[in-house]
Amino acid sequence: MRVAGVDWQTLGGREEARFRRRNCGFVAQGMTALPQATAAENIEVPLLLDGVAAEERRSRVTAALEEVELTAHAAKLPEQLSGGQVQRVAIARALVAGPTVVLADEPTGNLDSETAQVVVALLLQAAHEHQSAVVLVTHDPQVARHADRIVRLRSGRLDLDPVPDPAQPGRA
Amino acid sequence: MRWLAARTLWRAPRRLALAALAVTFPVAVLGATLLFIEQSVQAMTAVALERQQVDMRALATTLTADLSPVARNIRTVPGVHRVERFGSADVIVTSPDRRGRVTVRLFAVDPEYLQSHPWLAGASALGGHALLNAAVRAAPGFGSADRVRIDLPGDSKPLGVSVPVGGSIDLRRATTWFAIPAGEVQGDVAVVPRAVVVDYAVFQRSILPALRATFTGNTAVANPGLTDLPPASVELHVAIDHSAYPSDPGRAAKWSVAMQRVLERRAPGTIIVADNAAEPLAEASADATNAKVLFLLLGIPGALVVAALGVSAAAALEEANQRENALLRLRGATDTQVARLALLQGAAAWLAGSLVGLCIAVAVVSLAVGHPAWRGVPPGQLAFTLLLAAAAGLLTTGVRLAFLLRRRPRVQAEPAARPSASGWVPRWRRARLDVVALAVGVLILAVNVWAGGLRQTPIESATLALSFYVLLAPVALWLGVGLLAVRGLLVLLASRTTRSGHGP
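Protein chains in written order, with this note's numbering: chain A, 93 to 264; chain E, 1397 to 1900.
These aren't lab readings, by the way, just hints derived from the structure by calculation.
Hints may contain errors.
[Unchecked claim] Selected chain A positions facing chain E (Cβ under 7 angstroms, derived; list incomplete):
id : residue
1  : R112
2  : R113
3  : F118
4  : Q128
5  : A129
6  : L141
[Said to hold, decoys possible] Covered by chain A, per the in silico footprint, the following chain E stretches (three or more residues, Cβ under 8 angstroms):
id : region
7  : 1401 to 1411
8  : 1718 to 1727
Glycine included, each C-beta is placed from N, C-alpha and C at the ideal position.
Can you make the complete structure from the sequences, with help from the hints?
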């Protein structure tokens, strides 16, 4: 598999870590935030790991919080946030480093349908603004309908939809 | 990674507490064992010197030597408690009716000597008199003798000193008086059944001049090949202040040798100082080494057991740590960064666990010995002991971190089912190994108490010979108590988890 022109399976150690840090964002089902860090600190993690300067970290975290509408909850711990808010923290964290691709594994699995729609819309909108591709795994057809291209896995076999027209705007 | 480590300490103190617990157990057990050993060893000098009758003997190299100024000089040496005159010689004692005539060992001391040495039992008043031991009293003619005549043996001119008999004296415990004072067999006790004790003033005035005339030149104490009591000797018995000896018997033995040299330098050539304390201190030093080995053999398995159990208890953290490491790796943390985080958290746990463990060790030993555990222990030795105990905690932390970092992270979002939540119970808990081990330990002790294995026999005297299997009792008790503590801890954690609905 190639991401941003790089076959990441050939990478190892520090290179792999750096590649993941700069090119991949992850959003997963359930509690993936560090429980002892606040919402803002959780979003800051990829930047800290990448050695980004404090001033730039602060401004990018602030922007990311605004993007997912969590500015008021920046200082709260994950256990003080709702499931939807935690997923928004995960989205902000996934996108704060400006990755090439965001890998989302059942990001709405633990959310009610209304919140799920809000979270997915937010994810796709933010990814679009960051010009990041989103690879999203879901069982929910309501979530899947947001995708430009759907790949179904049925009984171990891939069922590919047609490749969309690149000129068509509005989808990540 | 420092920021995350700091936030973990600040916002998840229970994680630190659980990780510290893995350190506290071995540090407390090893620390208590080592401190108890130190306390026991520190008591051994006093025990070794307790039965010492005369600490040092300053033996005159010639009978013409005047020991009075030497005595005054030695009294000024720091650590010297008392200096007493002593003389001895082989003499012939004759009863007043001349029916009894026996060779005896004559001892001469000042009357105060009898008061300051309780091992001289049944002594009557000595001033100006002679005291006879039971063997002399049993000799023909001495049963009711009120005077004795003292002469020197051999071809010497008859001395004819007549001394009134003041009573009897029991010298069966006065082994020092019958001990060969110098040479290769120093300390060996010569068998001399008959003995008479006279006032040193009488000895000095009436007997010593004749001895000087008979034994000219160096006395036998200057002969390295001496294998029996010298025919005649004058000496000073030096009592050392026992509190001046270092409490560690090894250091006390060295101190005693130094004191011996100091005393000899006070009258070079005039006296030879025999160090009677050297042998018991050397024995105590060897005993201390054996005791250390024995205690460590008993204590180290306990420390290893509780360390393993502590690590097991801290394994409740493993899932949280693995998950955190996986999350960080997913976000691009390198192995080095993850390891640095683990090291920082491990260092904090080691520091906290060591402090608590050492406090527990000090408190337990203080309670056991009835005084502060550090009293009497040299500061350097105390620091070494505490550092060694803390090193056990460091080792435990290292093992725990090695296990934590050895496994590749499982990138998973949902926590796996906890063993307690899934109903899985370790095999040792199912087998009630803690109860079994405690029962075995108690049973071994009970059988030994019942069979009299823990009582001294007359033959063993001050020592106690234990069967090898008795040593299994403390090992089993260690294991049982350690496992029971972990069982209690796990039950406590499980109940808290159930109440809060969250893992640690």
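We went through each hint and held it up to the structure:
Because the beta carbon of R112 of chain A sits about 5 angstroms from the nearest beta carbon in chain E, less than 7 angstroms, this interface hint is met. Interface hint status for R113 of chain A: upheld, as the beta-carbon distance to the closest one in chain E is roughly 3 angstroms, under 7 angstroms. The criterion of a C-beta within 7 angstroms of any C-beta in chain E is met by F118 of chain A, whose closest approach is roughly 5 angstroms, and the hint holds. Among the interface hints, the one on Q128 of chain A holds; its C-beta lies about 4 angstroms from the nearest C-beta in chain E, closer than the 7 angstroms criterion.
A hinted interface residue such as A129 of chain A counts as satisfied when its beta carbon comes closer than 7 angstroms to some beta carbon of chain E; here the least separation is about 6 angstroms, so the hint holds. The beta carbon of L141 of chain A comes within 5 angstroms of a beta carbon in chain E, closer than 7 angstroms, and the hint placing it at the interface holds. With 5 residues bearing a CB less than 8 angstroms from a CB of chain A, the region 1401 to 1411 of chain E meets the requirement of three and the coverage assertion stands. With 6 residues carrying a beta carbon less than 8 angstroms from a beta carbon of chain A, the region 1718 to 1727 of chain E meets the three-residue requirement, and the given coverage holds.
Figure legend: structure checked against the earlier numbered hints; every hint is met.
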